[in-house]
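Given the sequences, and given the hints that come with them, work out the whole structure.
Chains as they are written, first to last, in the working numbering: chain A, 69 to 378; chain B, 69 to 378; chain C, 69 to 378.
Among the clues, some could well be false.
If several chains are the same, the list does not tell them apart, and a pair holds so long as it fits within one copy or across any two.
Below are the SDA-like pairs computed for lysine to any residue, each with C-alpha atoms no more than 20 Å apart in a straight line [claimed, not checked]:
| hint | residue 1 | residue 2 |
| --- | --- | --- |
| 1 | 271 | 212 |
| 2 | 292 | 115 |
| 3 | 98 | 288 |
| 4 | 352 | 92 |
| 5 | 271 | 289 |
| 6 | 102 | 176 |
| 7 | 271 | 209 |
| 8 | 352 | 88 |
| 9 | 266 | 319 |
The set of hints was computed from the structure by calculation and includes no laboratory data.
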Amino acid sequence: MIISTIASHSSLQILLGAKNEGFQTRLYIKPRRKAFYSSIPLVDELVVTEDMARILNDDGIVIPHGSFVAYLGIDAIENSKAKFFGNKRFLKWETTFELQDRALEKAGIPSVEVVESEDVKPDELYFVRIEGPRGGSGHFMAYGRELEEKLEKISEPYRIERFISGAYIYVHFFYSPIMDRLELFGVDERLVIADANKRRPFKSLPYIIVGNKAVALRESLLPKLYDYGLAFVEAMKELERPGVIGPFALHFAYDGDFHCMGFASRIDGGSNASHWYSALYWGKSMFMGERIAREIRMAINEDRLEEVIT
Amino acid sequence: MIISTIASHSSLQILLGAKNEGFQTRLYIKPRRKAFYSSIPLVDELVVTEDMARILNDDGIVIPHGSFVAYLGIDAIENSKAKFFGNKRFLKWETTFELQDRALEKAGIPSVEVVESEDVKPDELYFVRIEGPRGGSGHFMAYGRELEEKLEKISEPYRIERFISGAYIYVHFFYSPIMDRLELFGVDERLVIADANKRRPFKSLPYIIVGNKAVALRESLLPKLYDYGLAFVEAMKELERPGVIGPFALHFAYDGDFHCMGFASRIDGGSNASHWYSALYWGKSMFMGERIAREIRMAINEDRLEEVIT
Amino acid sequence: MIISTIASHSSLQILLGAKNEGFQTRLYIKPRRKAFYSSIPLVDELVVTEDMARILNDDGIVIPHGSFVAYLGIDAIENSKAKFFGNKRFLKWETTFELQDRALEKAGIPSVEVVESEDVKPDELYFVRIEGPRGGSGHFMAYGRELEEKLEKISEPYRIERFISGAYIYVHFFYSPIMDRLELFGVDERLVIADANKRRPFKSLPYIIVGNKAVALRESLLPKLYDYGLAFVEAMKELERPGVIGPFALHFAYDGDFHCMGFASRIDGGSNASHWYSALYWGKSMFMGERIAREIRMAINEDRLEEVIT
Numbered sequence: 069m070i071i072s073t074i075a076s077h078s079s080l081q082i083l084l085g086a087k088n089e090g091f092q093t094r095l096y097i098k099p100r101r102k103a104f105y106s107s108i109p110l111v112d113e114l115v116v117t118e119d120m121a122r123i124l125n126d127d128g129i130v131i132p133h134g135s136f137v138a139y140l141g142i143d144a145i146e147n148s149k150a151k152f153f154g155n156k157r158f159l160k161w162e163t164t165f166e167l168q169d170r171a172l173e174k175a176g177i178p179s180v181e182v183v184e185s186e187d188v189k190p191d192e193l194y195f196v197r198i199e200g201p202r203g204g205s206g207h208f209m210a211y212g213r214e215l216e217e218k219l220e221k222i223s224e225p226y227r228i229e230r231f232i233s234g235a236y237i238y239v240h241f242f243y244s245p246i247m248d249r250l251e252l253f254g255v256d257e258r259l260v261i262a263d264a265n266k267r268r269p270f271k272s273l274p275y276i277i278v279g280n281k282a283v284a285l286r287e288s289l290l291p292k293l294y295d296y297g298l299a300f301v302e303a304m305k306e307l308e309r310p311g312v313i314g315p316f317a318l319h320f321a322y323d324g325d326f327h328c329m330g331f332a333s334r335i336d337g338g339s340n341a342s343h344w345y346s347a348l349y350w351g352k353s354m355f356m357g358e359r360i361a362r363e364i365r366m367a368i369n370e371d372r373l374e375e376v377i378t
Numbered sequence: 069m070i071i072s073t074i075a076s077h078s079s080l081q082i083l084l085g086a087k088n089e090g091f092q093t094r095l096y097i098k099p100r101r102k103a104f105y106s107s108i109p110l111v112d113e114l115v116v117t118e119d120m121a122r123i124l125n126d127d128g129i130v131i132p133h134g135s136f137v138a139y140l141g142i143d144a145i146e147n148s149k150a151k152f153f154g155n156k157r158f159l160k161w162e163t164t165f166e167l168q169d170r171a172l173e174k175a176g177i178p179s180v181e182v183v184e185s186e187d188v189k190p191d192e193l194y195f196v197r198i199e200g201p202r203g204g205s206g207h208f209m210a211y212g213r214e215l216e217e218k219l220e221k222i223s224e225p226y227r228i229e230r231f232i233s234g235a236y237i238y239v240h241f242f243y244s245p246i247m248d249r250l251e252l253f254g255v256d257e258r259l260v261i262a263d264a265n266k267r268r269p270f271k272s273l274p275y276i277i278v279g280n281k282a283v284a285l286r287e288s289l290l291p292k293l294y295d296y297g298l299a300f301v302e303a304m305k306e307l308e309r310p311g312v313i314g315p316f317a318l319h320f321a322y323d324g325d326f327h328c329m330g331f332a333s334r335i336d337g338g339s340n341a342s343h344w345y346s347a348l349y350w351g352k353s354m355f356m357g358e359r360i361a362r363e364i365r366m367a368i369n370e371d372r373l374e375e376v377i378t
Numbered sequence: 069m070i071i072s073t074i075a076s077h078s079s080l081q082i083l084l085g086a087k088n089e090g091f092q093t094r095l096y097i098k099p100r101r102k103a104f105y106s107s108i109p110l111v112d113e114l115v116v117t118e119d120m121a122r123i124l125n126d127d128g129i130v131i132p133h134g135s136f137v138a139y140l141g142i143d144a145i146e147n148s149k150a151k152f153f154g155n156k157r158f159l160k161w162e163t164t165f166e167l168q169d170r171a172l173e174k175a176g177i178p179s180v181e182v183v184e185s186e187d188v189k190p191d192e193l194y195f196v197r198i199e200g201p202r203g204g205s206g207h208f209m210a211y212g213r214e215l216e217e218k219l220e221k222i223s224e225p226y227r228i229e230r231f232i233s234g235a236y237i238y239v240h241f242f243y244s245p246i247m248d249r250l251e252l253f254g255v256d257e258r259l260v261i262a263d264a265n266k267r268r269p270f271k272s273l274p275y276i277i278v279g280n281k282a283v284a285l286r287e288s289l290l291p292k293l294y295d296y297g298l299a300f301v302e303a304m305k306e307l308e309r310p311g312v313i314g315p316f317a318l319h320f321a322y323d324g325d326f327h328c329m330g331f332a333s334r335i336d337g338g339s340n341a342s343h344w345y346s347a348l349y350w351g352k353s354m355f356m357g358e359r360i361a362r363e364i365r366m367a368i369n370e371d372r373l374e375e376v377i378t
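The structure is reproduced here in structure tokens:
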């Protein structure tokens with residue numbers, strides 16, 4: 069059995085997991101990225117191509133990640149005959165404000181406050197979020213008095229949120245249909261260009277993500293987050309059958325209360341930061357990519373593979 | 069043999085350690101936290117109750133952590149007949165400025181400068197610390213000119229410290245009576261709400277702790293910190309017999325010099341962030357919770373359990 | 069076979085690696101640092117002395133790190149008859165702007181922009197970098213209008229760089245002559261005193277390094293960094309034969325583009341933060357100090373030790 073993915077985002081941990089669980093691996097990769105990925109002895113087959121869409125005809129089990137929608141488009145993925153780990157139709161839920169809102173409302177997870185243009189006050193801070201997951205690029209923070217001028221330059225759909233002065237945390241979950249268990253895998257903080265303000269007089273800077281850093285969240289905050297995770301899984305069972313299969317992440321601003329900013333409807337890049345909660349479930353810590361391969365292995369062993377692929 | 073604790077603060081790593089060392093586990097837990105903790109296959113017995121004081125009659129070995137004093141009170145703990153890992157009477161030493169000062173002075177560890185109200189200067193920054201460990205809640209930073217108004221709203225004991233512009237680091241130690249060895253386990257940085265200033269124009273924000281992040285401290289700073297740890301262990305041997313047993317943490321502001329801000333007289337929540345120095349002592353990295361269970365196991369094997377419980 | 073080093077910088081992971089690979093260990097240590105290092109059961113021979121230069125006559129394999137040049141001087145190291153792991157003559161390349169520039173230019177790695185005094189503008193931010201690796205001490209940030217006064221106080225060679233508002237990342241590599249393979253080991257961020265600005269109104273503060281924190285870099289940035297690493301290895305093969313052997317690090321500011329600020333021509337202190345990419349090459353994560361010991365072990369097994377020492 070072959071596990072296939074695209075060389076980017078979280079493919080390293082996907083490869084690591086696949087080899088740990090005894091699978092063959094196939095990696096679709098752009099030519100300019102070849103030196104790095106070919107130095108790693110975890111790839112059995114390297115498909116060097118500019119055309120990432122070739123993975124849509126792959127004959128293995130395809131593990132989607134955060135670069136898939138950008139490279140391939142939602143429609144091509146949903147219409148593909150390739151076997152995807154997880155629920156193919158769940159992938160689109162992170163891509164629009166409308167679907168995000170519907171999922172979070174159904175789950176009863178409190179969201180950041182969206183502000184209408186007419187309610188903007190000149191001296192308050194706002195956060196402008198561009199629709200779709202784009203690695204933070206395009207999002208920005210501004211005072212109300214600056215908004216009109218800045219918004220004129222934006223051509224994509226966006227919305228204005230109340231800026232929250234707090235910690236921004238990204239919570240990684242894995243829902244296992246095979247074990248019927250939700251696992252809380254870890255929490256990370258993004259490192260973004262705007263964090264440069266920790267060493268300079270304040271300046272408005274881009275929110276482009278540079279990397280991720282593991283956070284050991286205060287333990288007393290975890291039960292609430294786990295409840296949100298459970299509620300999300302339940303909501304998606306109704307909204308997009310058969311619901312969530314495998315990894316997802318909920319994104320929160322926390323200022324004493326949790327305010328959900330969105331979610332990842334697939335493995336989140338923040339799971340590249342190593343965290344240890346998986347040891348609570350599995351005796352040793354493992355990456356989300358390893359957990360995915362474990363789920364596939366268990367499904368195969370129990371002859372239930374069709375329950376984890378679509 | 070059963071290891072018991074309360075579901076909060078650092079109980080996850082305590083459970084992990086207990087199972088690793090072959091103990092049964094018992095967890096006292098509030099009903100609203102049940103979903104998360106019952107998803108984790110490390111708990112043999114879940115005591116779901118609103119009354120955490122039931123742990124004071126537990127017949128296993130109780131591992132106290134940072135939520136115990138808040139939930140149970142010092143007196144109830146000291147008068148409890150339950151067997152506590154560590155020195156029950158050491159727990160109170162972090163709870164008042166007076167005891168903290170006495171311990172640090174005895175150990176010769178340099179402290180942050182406390183400023184008297186009459187010496188406050190209008191344009192300098194100060195840090196107001198509320199007595200007792202409270203997850204940072206209530207502490208605040210202010211200019212001298214703002215102090216009078218802000219202090220009027222405070223009903224708890226507090227003190228005014230010189231604000232230190234530096235790194236705030238939390239150093240985790242384990243003193244083993246069985247091996248007569250002090251182990252330096254790791255260092256963390258707190259993630260607090262006030263850190264939101266790394267992405268916004270400065271605003272005074274609460275110091276509520278959200279989580280912890282591991283820091284690999286510059287190696288040349290470790291020997292000095294280890295000496296402080298040794299001095300602390302020696303001081304407590306005289307101040308509160310039999311002294312420290314097991315985990316404690318020293319909290320420092322570092323601006324080129326170390327200024328001690330206080331300590332944790334039990335496992336510190338910052339040990340939830342994974343660090344690797346334990347591998348120096350034990351061949352593989354382990355959490356403080358695992359180290360505690362290891363100490364109990366060694367004590368049982370050498371028939372010296374009474375040396376590590378009170 | 070004995071592995072020897074000086075007690076500082078990254079010696080803990082060097083000791084850990086040496087013992088893992090079955091070597092004896094010898095540590096040269098100043099008396100005041102003895103308590104900490106002698107608590108760690110990884111040191112077979114502790115040479116307690118104020119005179120670190122004694123390591124220059126060591127009969128084992130000496131692993132140099134970031135404190136060697138400061139303690140011993142480049143000339144003494146190059147003239148020493150002791151067997152050093154790595155290319156002794158490569159160590160000096162990080163110590164002057166001239167050598168750094170020559171290496172980076174040869175490798176084609178883009179550097180931070182150096183600004184001539186006459187081009188300084190009053191209201192722009194600059195970063196003044198002192199020559200040589202000094203743990204960040206002496207470097208500072210300033211507006212153009214402040215530069216003249218601040219520069220008058222500096223007696224060492226320095227240069228003025230355009231200040232980059234971005235993430236500062238340190239990328240750790242290991243080049244193996246035995247396997248003819250470059251491995252990307254991980255990325256860290258420095259924790260410096262100046263980061264205190266994340267909790268206070270801005271103030272110019274020192275860039276003294278306090279510690280290091282692991283960053284899981286956005287995966288799409290890694291192939292470019294790996295290419296830079298490869299180019300650096302190729303350049304050094306020509307500039308200082310036989311070129312790089314073992315660990316080095318490239319230091320970047322990233323604001324959407326990479327700007328190289330310098331490099332470490334030996335194991336970098338940032339590798340003390342634990343990262344997991346080594347698992348991609350070796351099945352389990354290991355520290356740079358462990359990787360060094362592994363290389364020596366492989367070299368001995370293949371009777372090629374002379375290829376990794378000088």
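Structure-based check of each hint:
no., hint, result
1, 271 with 212, "both (16 Å within a copy, 17 Å between copies)"
2, 292 with 115, "between (43 Å within a copy, 19 Å between copies)"
3, 98 with 288, "between (44 Å within a copy, 11 Å between copies)"
4, 352 with 92, "between (23 Å within a copy, 19 Å between copies)"
5, 271 with 289, "neither (32 Å within a copy, 25 Å between copies)"
6, 102 with 176, "between (44 Å within a copy, 19 Å between copies)"
7, 271 with 209, "both (10 Å within a copy, 15 Å between copies)"
8, 352 with 88, "both (13 Å within a copy, 10 Å between copies)"
9, 266 with 319, "between (22 Å within a copy, 19 Å between copies)"
Violated hint: 5 only; the structure is consistent with all others.
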